[in-house]
Amino acid sequence: MSLVRLKGGTIFDPTHNVNGERRDLSFRDGRIVDLAPNMPVDREYDASGMIVMAGGIDMHSHIGGGKTNLSRLLLPEDHRTDPLREPAGESAQDDAGRYLRLPSCGVCTPGTLATGYRYAEMGYTAAFEPAMMPSNARHTHLEMGDTPIIDHGAYVMLGNDELFLQMLAARDDFARLRDYVGWTIHASKALGVKVVNPGGISAFKFNQRSLDVDEPHVHYGITPREVLHTLSRALTELRVPHPLHVHASNLGVPGNIESTIATMDAADGLPIHLTHIQFHSYGVEGPQKFSSGARHIADAVNARPNVSIDVGQIIFGQTVTASGDTMMQFRNTPFARPHKWVVGDIECDAGCGVVPFRYREQSYVNALQWIIGLEIFLLVDDPWRVAMTTDHPNGGPFTSYPHLIRLLMDKPFRDEQLAKLNPDAQVASALPGLTREFSMYEIAIITRAGPARLLGLRDRGHLGAGAAADIAVYRDEPDRERMFTSPAYVFKDGELVARDGTLVATPTGGIHFVSPEFDRSIEKTLRAYSDARLASNFAHAAISDDEVCDCCRGGRLLPVECLANG
Amino acid sequence: MNASGTTGARTPAITRDWTCPFCPLLCDDLVVESHGDGTLSVADTECSRLAAALASYSATDTQCRSVVDGNEVALDAALARAAQILADSRRPLFGGLATDVAGARAVYVLAAGCGAILDHLHGDALTPATLALQDRGSFFTTLSEVRSRADLLLFFGCQPSRRYPRFFTRVLASTDIARELIFVGCAVDPAAAGFAHTRTETLLPHADPYDTLALWSALGEGREPGGLHRDSNGNDADASPAATLSSLQARIAAARYTVLVYDPGALPSPHAALLIEALNRIVKAANRTTRAACLALGGDDGALTVNQTVTWLSGMPLRTRLSTPARSAGTASLDHDPYRYRTSRLLAGGEVDALLWTASFAPLAWPASLDPAVPLIVLGHPALADATKARGANTVFIPVATPGIDTGGHLFRVDSSVVMPLAAARGAALASVASLATQLTTRLHEQRSGEVQQ
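Heads up: the protein sequence lines correspond to chains A and B, in order.
In terms of my numbering, the first sequence is residues 1 to 566.
In terms of my numbering, the second sequence is residues 1001 to 1454.
The set of hints was computed from the structure by calculation and includes no laboratory data.
Mixed in with the good hints, there may be bad ones.
Stated by the list, open to error - Where chain B lies over chain A, by a calculated footprint (3+ residues, C-beta under 8 Å):
1) 12 to 21
2) 263 to 277
3) 513 to 524
Said to hold, decoys possible - Each computed EDC-like pair below joins lysine to aspartate or glutamate, with the alpha-carbon atoms no more than 20 Å apart:
4) Lys-1389/B <-> Asp-1017/B
5) Lys-1389/B <-> Glu-1072/B
6) Lys-289/A <-> Asp-424/A
7) Lys-524/A <-> Glu-1072/B
8) Lys-411/A <-> Asp-479/A
9) Lys-7/A <-> Glu-44/A
10) Lys-411/A <-> Asp-459/A
11) Lys-524/A <-> Glu-1221/B
12) Lys-340/A <-> Glu-1072/B
13) Lys-289/A <-> Glu-258/A
14) Lys-340/A <-> Glu-1221/B
15) Lys-340/A <-> Glu-44/A
None of these values were measured; they are calculated from a predicted model.
The C-beta atom is built at its ideal place from N, Cα and C for all residues, glycine as well.
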């Protein structure tokens, strides 16, 4: 039972339209409370001159599950090149004498322990795994549970599983498809649903090498548009707060602007979230037949209020791309650097492709990808519909966020970086003419308030009374990269977890999930399918509350409410 | 779920949909009966491995006591002595590691507390797979994909039923796909016979695996069999291996989905990694025009599970050494080295000063090469008690629960994409590896802080 006051900070809380107001912020037992200024408290922190925001929320970050661990297995060199830490810095112990920071390393795909530590040290208090296969759900929850401090959750992948495609091809009753979607969310303890290259992962299993939005799947005859429409309608009827999370068709293919816009329209006006849209914003103009489609895409987003996006900004340097999109990842394998890669077909659910990649400043294509990401950030008008991501680790590791924030907030810095890039790419860029600089308020939207709203997390991403006391307090330094790298204080559920970039506590994070209502009779169909096609027993398909709690090391269950009817 | 709850060791109970923890197929369609006398049985099992594993559980398991230096002691005394051994050790090895996810998680924290080296009982089988993956990657598939789509199955130098008796039942039974099963470099697995719509045959049963894969790789890259006739002396050799493999390539090209099955543990050492790399290279090349994937067997006794868990926690796979913050400046807290941190090498060279041996699935003893003077802590199956008593001095034994018999748990299935939940079939009151490792961690730190105060 403790009452804490953060004194004199400058507050940015876009959910409540608070734009740089200097006032105290108090919390008790992990929740923000309204408190009279003269009320005595148990502990006070001086935040004067500092900037106070809710903890950061990364709505699309590959932090756990099969392909993430394959990335680690594939790249021991990534882990060996992790800068050495001072041993002395690891000797902090908890009350029981255990070391707070256990050994864990890696740059682009750190171990789960390092992932949790680094997110927290950066002022982030939640991250969401966007590509959990139903068959890999336990593994995903186990890894997320071993990601300390931050809360987590996952979007379950549908739309490439054989059963869904069979039902769609057989023109099964929509209600049954909807119940299947509801059951899958329930069984895998997911927060939302993601579709990756709709139908395309399955099509690759039947040796189809590309699939456009209105092109039929070679085996089932259905189109990506039908998959998108069915899934977004199902989520709307199930009243799941997060819209369908879409990794669109034709990832990385020059000229994919059209299919990206067609993907937006496949939702027929229902809410839809297009993820890492940078990879889906490519034109075919110019001598290299590769150009920025950012303007087109931004215009399309601006014109469609039902669409939200995250960017998937690329960051120069070594990373690894890990995706369920086997069709596209296999195409990219010749570009693997270093020259090694993993692709797999998984459990009639989906698949995965892990391809290491080095984004180079002097590569025309890579430079333009970097430019396109920034153009999209700067050209989309409504920051509430844009989330800041690098699609960790696909565009770059999440530890690049402070750098990315500076690129968005600091035009001269952006110009300086642009000048280092491939000269042809600079010429092909609209970036020099984009003078917009993100304000602190807008950064607070795209890194916490917006993602919380898009995910339906009502008590996160803001600083109103009743909200969880997930708080980041930054020193107001002119170098925004430095500022966002190591906040002065980070609180998780009211507990101080990091101070000036150093851990002081490592609590276990909680798990966000949603439990939509659906007709249980769908289980008969699922059991029959499982018996006929799968190698496991349907009796073990669903994860109970108790089991997910075990997977997550006893982390708190944080059920997210479905939207109200009407 | 377990009808008897977790404490009713003496109550007969039947568990349906039970998942067997004794091999990485993790068959989950079984009915297990726990009898009043502490024994267990599965009626009508076709699995010799399961039957043998169940025979190691008996009425006396719950009376099994801890042992220190040959004498039975209370758990508390055994934990105290074990913690003392770890606190005194400068370079402990945590070997065996036959445990589940929860055990691996807790053992990792303990290893971090005392700067231990981690290697698994099956480290020698695991390592070539790890090395091949680190060097070139892989192209893999999973059991349900095999079951529902594979029409051509190639088995390279392995008969899966030898170690995984129900392999063919799991992937072939009650399906109606016409399939060809070809055993390359070995005889047909007798267990593969008798499935509907399935034909079996063998190719090059006596060929050298390296030669076979060299030829096959060349053919996979488009070389003509006619150009591959010469042996190493430049003479025209028997053309048949190249021609045989060329016709195999044609069958892969014509198949809808080819799955190439291999077992790292059955490949000839010490260069099994080269064979694994070649198998995956052949499959990767095939995917340029058709669809194919590899299925690697192995991962027994929690090898796959512990490797996965250590990898996600630390970033590094097994055969990794952890260091405490007391290490010298300029060194890393994790050092992954599959050659250096091999159990047999470390023991032979006298490079470790304590061994923590975990064996929760079967009474598998520590390596015989362990110097009697090196302190040994065994977190083991109750049936290991006598062996530890016989070792006498420098030995601590604490009986542990088997996941799936006396506790729940999680294990990775052979294809490494699916984690299966385990339910306790018997529920005898034995401590889990996870709980013991956690208690040891606490005691280790108490011991350390006590020493500091003195």
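Hints versus structure:
no., hint, in the structure
1, 12 to 21, "violated (count 0)"
2, 263 to 277, "violated (count 0)"
3, 513 to 524, "violated (count 0)"
4, Lys-1389/B <-> Asp-1017/B, "violated (37 Å)"
5, Lys-1389/B <-> Glu-1072/B, "holds (8 Å)"
6, Lys-289/A <-> Asp-424/A, "holds (12 Å)"
7, Lys-524/A <-> Glu-1072/B, "violated (53 Å)"
8, Lys-411/A <-> Asp-479/A, "holds (12 Å)"
9, Lys-7/A <-> Glu-44/A, "holds (7 Å)"
10, Lys-411/A <-> Asp-459/A, "violated (34 Å)"
11, Lys-524/A <-> Glu-1221/B, "violated (47 Å)"
12, Lys-340/A <-> Glu-1072/B, "violated (53 Å)"
13, Lys-289/A <-> Glu-258/A, "holds (15 Å)"
14, Lys-340/A <-> Glu-1221/B, "holds (17 Å)"
15, Lys-340/A <-> Glu-44/A, "violated (53 Å)"
When held up to the earlier numbered hints, the structure conflicts with 1, 2, 3, 4, 7, 10, 11, 12, 15 and fits the remainder.
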